[in-house]
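Engineer: So the sequences go chain by chain: A, B and C. First residue of the first sequence? That's 1 in full-length UniProt numbering, and the numbers climb one at a time after it. First residue of the second sequence? That's 1 in full-length UniProt numbering, and the numbers climb one at a time after it. First residue of the third sequence? That's 1 in full-length UniProt numbering, and the numbers climb one at a time after it.
Think of the hints as simulated: they come from the structure by calculation, not from any bench. Built from N, CA and C at the ideal position, the CB exists for glycine as well. You can take every hint at face value.
Chain B side only, calculated, beta carbon under 8 Å to chain C, not exhaustive:
id	residue
1	Ser184
2	Glu192
3	Asp194
4	Val197
5	Glu202
6	Gly521
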Amino acid sequence: MKLGVCYYPEHWPEAQWAEDARHMAEIGITQVRIGEFAWSRIEPEPGVLTFEWLDRAIDTLHRAGLHIVLGTPTATPPKWLIDAHPDVLAVDAHGRPRRFGSRRHYCFSSQTYRAQCARIVAALARRYGQHPAVQAWQTDNEYGCHDTIISYSDAARAGFRRWLADKYGQIDALNKAWGNVFWSMEYRHFDEIDPPVETVTEANPAHRQDWARFASDEVTAFDKVQTDIIRAHSPGRDVLHNYMGMFTAFDHFKLGKQLDVAAWDSYPLGFLEWAWWPEATKLRFLRQGHPDFTAFHHDLYRGVGKGRWQVIEQQPGPVNWSAWNPAPLPGMVRAWTWEALAHGAECVSYFRWRQAPFAQEQMHAGLLRPDSSEAEAAYEARQVATEIKALTPGSHRQAPVALVFDYEAVWATQIQPQGRDYRPLELVIHFYAAARRLGLSVDVVHPSADLTGYQIVLCPLQIFWPVDLALRLKASGAACVLGPRTGSKTDDFQIPADLPPGGARTLIPITVNRVESLRPGHIEQAGPFQVTRWLEHIASPLTPEASTDSGHGIWYRTEAVDYLACWPDAQLLETVLAKRCAERGLAVLALPDGLRLRQRGNIQFAINYEATPVNLADYVPGATSLDFVIGGVELPPAGVAAWKLR
Amino acid sequence: MKLGVCYYPEHWPEAQWAEDARHMAEIGITQVRIGEFAWSRIEPEPGVLTFEWLDRAIDTLHRAGLHIVLGTPTATPPKWLIDAHPDVLAVDAHGRPRRFGSRRHYCFSSQTYRAQCARIVAALARRYGQHPAVQAWQTDNEYGCHDTIISYSDAARAGFRRWLADKYGQIDALNKAWGNVFWSMEYRHFDEIDPPVETVTEANPAHRQDWARFASDEVTAFDKVQTDIIRAHSPGRDVLHNYMGMFTAFDHFKLGKQLDVAAWDSYPLGFLEWAWWPEATKLRFLRQGHPDFTAFHHDLYRGVGKGRWQVIEQQPGPVNWSAWNPAPLPGMVRAWTWEALAHGAECVSYFRWRQAPFAQEQMHAGLLRPDSSEAEAAYEARQVATEIKALTPGSHRQAPVALVFDYEAVWATQIQPQGRDYRPLELVIHFYAAARRLGLSVDVVHPSADLTGYQIVLCPLQIFWPVDLALRLKASGAACVLGPRTGSKTDDFQIPADLPPGGARTLIPITVNRVESLRPGHIEQAGPFQVTRWLEHIASPLTPEASTDSGHGIWYRTEAVDYLACWPDAQLLETVLAKRCAERGLAVLALPDGLRLRQRGNIQFAINYEATPVNLADYVPGATSLDFVIGGVELPPAGVAAWKLR
Amino acid sequence: MKLGVCYYPEHWPEAQWAEDARHMAEIGITQVRIGEFAWSRIEPEPGVLTFEWLDRAIDTLHRAGLHIVLGTPTATPPKWLIDAHPDVLAVDAHGRPRRFGSRRHYCFSSQTYRAQCARIVAALARRYGQHPAVQAWQTDNEYGCHDTIISYSDAARAGFRRWLADKYGQIDALNKAWGNVFWSMEYRHFDEIDPPVETVTEANPAHRQDWARFASDEVTAFDKVQTDIIRAHSPGRDVLHNYMGMFTAFDHFKLGKQLDVAAWDSYPLGFLEWAWWPEATKLRFLRQGHPDFTAFHHDLYRGVGKGRWQVIEQQPGPVNWSAWNPAPLPGMVRAWTWEALAHGAECVSYFRWRQAPFAQEQMHAGLLRPDSSEAEAAYEARQVATEIKALTPGSHRQAPVALVFDYEAVWATQIQPQGRDYRPLELVIHFYAAARRLGLSVDVVHPSADLTGYQIVLCPLQIFWPVDLALRLKASGAACVLGPRTGSKTDDFQIPADLPPGGARTLIPITVNRVESLRPGHIEQAGPFQVTRWLEHIASPLTPEASTDSGHGIWYRTEAVDYLACWPDAQLLETVLAKRCAERGLAVLALPDGLRLRQRGNIQFAINYEATPVNLADYVPGATSLDFVIGGVELPPAGVAAWKLR
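Produce the entire structure from the sequences given, and follow the hints as far as they go.
Structural biologist: Following this line, the structure appears as structure tokens:
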């Protein structure tokens, strides 16, 4: 457990660097990320490499005892590069090249740009690959930020055609897989196929799904150019990438396979404003962020990083990029930091050291204000640094609950929502949050993951059903909760020949005869539960555990499997989970909306996300006699408590 | 009265065809529409015609005793055609060609495409024109679907210039008609004129109205290429086109003149979601559709088809294309079918036979599920087929009420709404629904129609006033109800020199001195009535029947004419109509929102659109002693009753 | 004080002109604006000038005793000009040239168009510059209407590069000023710089601010071509431009420097609908317009015109261009006219004489209807003309309150709102309205204005702090109220090195350590006040006058300066102002929302904006014994009263 910070020496007079480094160390920071975005300073003219300033910056930080994560600057190709190679630019849906003047203006499919990146990354890796301060590398920055995964360039089109030819071999196989006989969409050659864009009405969903898969693969291929070079020149160092929360346009697990560590950028207040929460929730957690949204991402990136992960950008105050940008509650930056550490983060690194007085992010807070005075977060970071020293919780243990998350299913649901508010990530976090409210720790895993050791496996969104998933589930002995639409598509984006749930029918004997989506305001009452948005009409020999008053079963259950034939409400989810937990002997709590627990090693953490105090004694049995190492039984707003498990 | 279905043999293994045909016949279906969208199978390579599979499909259906409506495949030109002739593509408002990958990507003005269509249609007509099973042809599919009437191609621009030159002869006539002296918009030659698009602020409304007229004429001209060929090669067969509900971008009456039968595609739940209804209405009729919306279209297409019409695509379950896609109430597909037959439909044909497991419409229900099991609608269709056999109602009789509907007025109101919520189709159906609530049957007619025999003529939206309409109205002896804005524009989209209502002033002595539109929330109380959206300030020797509390007359009345100087509320409309009916000796009812009556021949039908039962005795005098042929005095949800008129 | 009208002789038969002129004079009109938009009649073919009709029109008006404001027709270049010189067209953000067919399709930066304008304006000025009837010239029409200040043409890009090179001299100076080291945005040459458009995420705010400044300067430069020519050929005549309300995309003060008179186009009902008012306000003032919005513009344009200004287009009835277009309350046109005159207008000129029955504005009311009958406004104008004769109020006197308004700050706030609803003009008018409710007259002035003589100076939006403003404020002796974000940016759009309020700190010892924006629905209670939208965290030796319940000072006060560290509510603004007024011995009233007072010379005017009567005695001390020259103590809806000050 350690703290870090993001620093841009090129933004400040060289005379200030040493004092900055000293100040960081004084606060208790040990890791510094630098270098990303600095291309125009590293190579101000084509081929003219000016590393001297960076040498001095790294040495200055090194002398202060700080470890460095060195970022590659490829998210911001400079103007001269763009002008020399206009084919580097990404192309929008209307065929217009993106323009210079911000960042991420490049196309992942541009071979020209891949070559340029290889050149600059190789130069960096050769120069700093063995530097004792450089302990890790970050590739690029936030792949996908500002909706940049997709490019409709000539390079992307050519790449897509090659990708399809590789996948299908023969054009007839593609025509059959996509069902192109529909609307005379049949192709005679792979070279007739364009990206699915600007069609008169929606393009074929199979066409769109393959396009999404291709685009995701391009990100991984783009990144691999860098990781291969870094590994060659900088052995023994970690390679990471900083993922961004809420981004699902490429498969984070697939990229994660070629990384050592998954890092992510955690902005709880910005995400609260971005996401789908109702007005009342946005107001309630205005200065705290949603109690489950950030935690879900911690658990996700632990899965993506195969256990190794960090928060490499932690929001330290108001940001500049949301519709509204409030300040965190006093103490909240500390609470966020502890939530991440409780989930197993190796490091929490604040973005950024000093608020820049210029350019696009001048309204983004840092640990310091532009005048170098300490902002609120500096005090809170210092407190965490002190607290960390008193704790040795050990590392993360396998959670009792796994949640299976599949980026391909996210794309599929976005391509074919069938109901406008069928938001895939919302459904996934809806399941996740139910487990959190019961006090359960959760691992987020890929559909191909080994499920051994889990008590309960949640599959809220398993649209595509891997051929071996039922076998792995059965082998694990875990109980399994399947969400609506499970197995509703073949890999070719077709309805299974035997109707949904297709391959998942080996788990539970049901058939989905019909599905319907329901506009907001329409509620199907189902005893104590309320169904909204989505209802399936099921045929099954099973007697449903719950049915709508109109007679449709919404919850089917076998000894080991639950199937939810609707968009469930919170009460239904908690009922299903609590019943399984009772059977499995897993103790559950009934936590209020703002109190959350998380276990790391032998330490149990509790965080209060409310703006009012909360007493653990109301929710945690034996709370008054716990062995507290941080805080106590009464948690103030944004309060943190931790106690040793016996 | 018969039932039909839409079938795509090319989507299924040939081995399945015979069983499908047998199954159709068993259910009671006698008409099958096939062929539309099949271009890539009929001509897989340029010039290579592969009719053999279609021969066998037609023969298979024929052997099962089914009649065929053969569709031309011109809504979906294949990829090779587009690549060989890129000028076939429609062009969007920003000058970008539409792209291949869905359907309707062609430009109506492309002479190249017209030639290609002539070629393929001639080949089809020659091969199948005399086939005994082929009883009718459908041209193309849903002209206008996905907003495809307008194209800004070079061909359209050239066509528009020719169209204007034909209409105006001299450029000075056009400049004068359009008032181009305003803002120095005067042209010196027809070749200087572009489509009215991407101007800095709105283009001249006269320019836009002529563009809309031109675009509508292009549809008719495009269609005529096909109908002429079909008539030449397939004498004695009906030619129809399947119009789509809610589409008003071209003049359906004008196209109807060259057809034998008007067909339309009726999706009551999809339309409910699409249309302007308030939230509460959308929730109330979520699984039933709006009781008057579909009926209006039935009456409209009977007018368009000069009495001959059918529903060629009937929604059988959830669809895939609305924001939300609920399932119909049990029994509702039967009720929709009977509503159409009650309005005089020759056939109701379900879309589609079997739900396709692939491509864009895989979530669109059919009579069968993808696994060939029967979906709910199959049972309901079978029930109707049985019920039909017991009934011989005869054909439609002239209704007592005519509603004049003018596509040109729709365009004019969209071009110049003057108040954002002045939705022309909403106003028209608002008038129509008032008559339905009074239990009156309505014919929807073109402004040029013969009005002889009607008791009441409604003109809710007669912006342009045909020079002879007043004479025809007077000659008919009918009472006439004129909506706001009647006669408010000359054919050149100018305000009449003597102010509105222009030519309609010979019917009623009023002058519209001023009009105003009112934002939502502003209500002008007028005794028991409430005026919203629109209020006219009238000068007249007449004493108004009703006035706003602020002193503006809103209802003027003579012996034979009512003029409504506002957007009327439901109560005002019903009051006006009921008063005229009383004078004319027309009996009226007071039907609740969900109960509707319709007469066909000597049979009176009643449909319950509520999700709760309704008792006819509460609304229909003598209901307990009727001679029921379907149902009885108590209608369940989605219930149908029919009785013989004495 | 006089009345005018806008007239388009080219729209009407020549035979009608003399009667029109007579009728105008009869009503009491003395000024007529003509000529704008008439290019296609003045020059129907390239180089063919047909002035004869205009000669006759001017002579006809002259003979009726009318004075003429002659407009240059440059807002509407004709089609032949566009076809001959396509580079005249403005280019949109996506690189597409704007199209012909409405107006304002030209690019301010096009040197070709400037030459064409010089040619036609010189021809007009030579012909009519000395005509005795021509007393003033209007350049072009409503610069900026329909969002036309910005063009992304090649000419604009080249101009922008020159402008930047002039401003910064060296590229390094620009890189440093903009902070281009951020995200590797550094340039090597001015010719590498493009307009800030279509970047992947937001462009650098400094880049955008300079682009806004450049675009504004282009308007002034464009206009100067015309004013220089007119002054050369038409000495002694006033040159004016008709600004449009709510437009802030160019600096009206800067353009005003080269004009003799500022004119503006006042459409109170259209603006009410356009602007940010909540639903309830829009309904309350539906037929009156907002009581402070129009008045603010009067005071603004008096400042822009250095004291000389007029309303050259006054709404006379419903317009055609808002989402909804209601009619004014009876008497409201008179009330608007008097409000303008009370603020010191030299003339109020109605737009337009006769409603045109054709083209885009056919639904825009005039003094006459299309059939030449008098519309309501004609009667009200006649009444004002009579009333004017009885009054000699003298000219405007300096108000006790100045409000500093800075267009550059509007752009800055739009570029970096930081909270989505931080609407700059709303904040400014929020301050202005508070003063109006207290019965105070206000002058709106440029930040560089001489502040001598004012008692109170309001700076609601002084983002950039002119180096000498603190000195001028102190020298004036005025009390000063500073709004949030005062001095928060340097001229280079950077945060001041010593943090905000930067240069304004010499006025009041505070430091803004942090700012936050708050989503709608979040209220920070501060005793009797409510903070929404924006809250600053202040460090200061001062004890705040008011603080949020969470402990943040929101109102800091010294002997002469108030600083508001939040988006204040109406009550806080009134409290701050009333307290200063009390100290300064300025009497204040407590006017209800719909009653407003304004002083001109020795006459005090009162206008009732409510749809219900109001009694002055309830609000104005001694109201029953005033020396009324218009109206009396009881004001009907839309009523006007005026009395002599003693």
